[in-house]
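Protein chains in written order, with my numbering: chain B, 2 to 330; chain D, 2 to 330.
No wet-lab data here; the hints were simulated from the structure. Just so it is clear, the structure is predicted and the values come from calculations on it, not from any experiment. Check before you lean on any hint, since a few could be wrong.
Here are the simulated lysine-lysine pairs, BS3-like style, with alpha carbons at most 27 angstroms apart [to be verified]:
(1) 248(B) <-> 199(B)
(2) 280(B) <-> 280(D)
(3) 4(D) <-> 4(B)
(4) 280(D) <-> 4(B)
(5) 4(B) <-> 199(D)
(6) 199(D) <-> 4(D)
Some chain D residues flagged as far from chain B (calculated, every beta-carbon gap over 12 angstroms) [said to hold, decoys possible]:
(7) 34
(8) 89
(9) 140
(10) 168
(11) 247
(12) 319
Note that the Cβ used here is the ideal one computed from N, Cα and C, for glycine as well.
Protein chains: 2
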Amino acid sequence: MKKFINSVDNLLDESLHGFAKAHSDIVQFNAQPRFIKRIKSSTSGKVALISGGGSGHEPLHTGFVGTGMLDAACPGQVFTSPTPDQMLAAAQAVENGGGVLFIVKNYAGDAMNFEIAAEMLDCPHETVLVCDDVSFPKSHSTGRRGVAGTLIVEKIVGAAAEAGADLATCKSLGDRVNLATASMGVALSSCTVPALGKPTFEIGENEIEMGVGIHGERGRERIAMSSATEIVDYLSGIIDDDLRPQKGQSALLHINGFGATPLMELHLIYELASRYWEKQGINICRSLVGNYTSSLDMAGCSITLSLLNEELLRLWDAPVHTAALRWGC
Amino acid sequence: MKKFINSVDNLLDESLHGFAKAHSDIVQFNAQPRFIKRIKSSTSGKVALISGGGSGHEPLHTGFVGTGMLDAACPGQVFTSPTPDQMLAAAQAVENGGGVLFIVKNYAGDAMNFEIAAEMLDCPHETVLVCDDVSFPKSHSTGRRGVAGTLIVEKIVGAAAEAGADLATCKSLGDRVNLATASMGVALSSCTVPALGKPTFEIGENEIEMGVGIHGERGRERIAMSSATEIVDYLSGIIDDDLRPQKGQSALLHINGFGATPLMELHLIYELASRYWEKQGINICRSLVGNYTSSLDMAGCSITLSLLNEELLRLWDAPVHTAALRWGC
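Assemble the whole structure, with the sequences as input and the hints as a guide.
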């Protein structure tokens with residue numbers, strides 16, 4: 002394993018200190034327990050949005066803390082859930098009279114630890130569980146995983162909260178965006194978790210993993226390496242069958258890199274995916290291409306389609322000022 | 002080789018079509034000959050800034066086309082110079098009465114092809130040759146390479162041009178920023194050029210290449226894998242010896258990922274590098290961390306220090322609206 006680290010034990014803290022220093026105009030880092038919060042206080046009565054999860058998916062979630070998006074993010078160790086004391090401390094630091102909305106990717110550990118934190122909170126709170134990964138059927142035993150669509154929920158609900166939406170409105174908006182969003186990924190290579198020191202899974206020189214999870218979990222099937230068009234059509238076809246978008250609907254198309262795939266290839270995937278959806282009569286009117294929900298150094302990408310009506314598009318377009326997404330302010 | 006491509010022959014065009022489609026509010030793609038230009042016309046009399054070079058370093062340079070930065074960028078094939086007809090066509094498309102400034106990374110092919118284009122231009126023109134890579138001595142036979150510092154030249158001169166600076170001012174400003182900027186990189190792994198299909202160089206499991214070029218060119222020396230702190234101190238020491246910043250000077254610290262290194266590690270490098278410079282009495286007052294001058298799928302990073310006085314800081318902070326850098330508008 003070759004990585005830029007001093008030791009596995011302090012990798013996360015050294016990285017978070019660097020992140021907060023590089024973006025000291027936007028965020029600050031609380032070390033004990035660990036959370037990243039906005040430097041600017043929110044308006045009194047604003048719903049506080051808090052997310053979190055295992056590290057290794059940067060910029061998710063820390064890179065989305067700031068005006069128009071999250072109030073705080075709680076990073077766990079690499080691919081490991083944060084602990085309830087982190088969420089509780091973050092909530093106490095940013096709650097400002099409007100209650101707390103937790104935005105949680107659907108993994109057993111994350112869901113449980115956010116739930117424990119929620120039970121200990123003495124202010125109004127709600128949780129949006131994101132489960133946009135359509136690799137497995139809806140009936141899957143542990144439910145579907147939350148992946149690259151999470152940032153779309155965070156952005157849209159973040160804009161609503163900033164504009165004064167109350168807790169119930171934010172909660173139902175988050176659930177709506179989650180239901181309108183579907184993602185599917187493919188891995189060309191494994192990632193390497195620093196504490197493990199070797200690839201999470203083995204994969205042959207001519208194989209790719211369709212429907213891979215963002216921690217390198219097994220997907221739907223392993224197939225032979227294919228052309229970019231075949232890969233895009235496979236992923237998009239599964240999204241299409243699941244989300245069943247109607248002709249003429251407007252959508253955001255998000256191509257997410259897992260970490261080691263060049264931007265040049267992600268733009269090529271965007272071209273092919275946008276052709277696919279245009280052929281289906283979908284109006285691709287917003288785009289996001291880059292490494293946003295990464296999986297350490299995994300080569301691969303995911304395609305996310307999010308169906309956005311005029312209200313949701315307006316919230317997507319609203320000003321945002323975070324380390325990883327910034328426009329309009 | 003596992004990459005998202007249909008064929009080596011149309012990789013570049015499919016990618017550029019996707020890039021232009023994903024950012025159709027900012028840029029448009031001219032396919033024959035290839036260049037990316039701003040969608041919004043510039044003010045009459047504004048100096049037109051044009052850059053370019055081999056592809057595979059995205060977002061450099063296409064991702065820096067837009068208000069406050071470049072007027073056009075000419076992408077060559079992967080790691081291959083663009084041809085003079087590209088620069089000539091781009092110049093004819095964006096020249097608007099203020100003349101043309103070419104910003105060129107110092108590689109033999111790029112320098113020659115931009116020079117040929119310049120000779121064919123029938124409007125006032127100047128060229129800034131960027132050579133910020135301090136891996137080799139100033140006296141090196143082909144001169145020093147232009148690497149991650151190039152975007153700082155493009156951003157600062159871009160802001161000046163937008164504010165109405167004339168061609169001579171833009172040229173001398175670009176030269177000043179180049180002289181005030183030093184970079185040094187390290188590779189943990191090789192990149193793989195699609196047309197070649199195998200890694201550009203071999204490197205042992207316990208070796209790293211200090212001073213590597215952004216195409217995988219040999220660097221200063223190959224050493225044993227070291228701790229992140231040792232690597233940062235090595236790179237920063239060489240920059241320090243070369244640039245000789247004075248105590249109290251203000252600087253931008255840019256940590257650039259080569260493509261396959263997780264953001265988590267880049268932020269850790271930022272933390273260690275900022276500690277190094279603070280110890281030397283340098284005032285690190287601006288930061289940029291991420292994959293900006295990439296080398297396809299190479300794992301590694303570079304450190305760039307750019308000494309910016311108040312005038313240059315103001316230009317760095319000025320509004321910019323491109324695919325890869327966006328603030329203030």
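Numbers of the earlier hints that this structure fails to satisfy, in rising order
1 and 2
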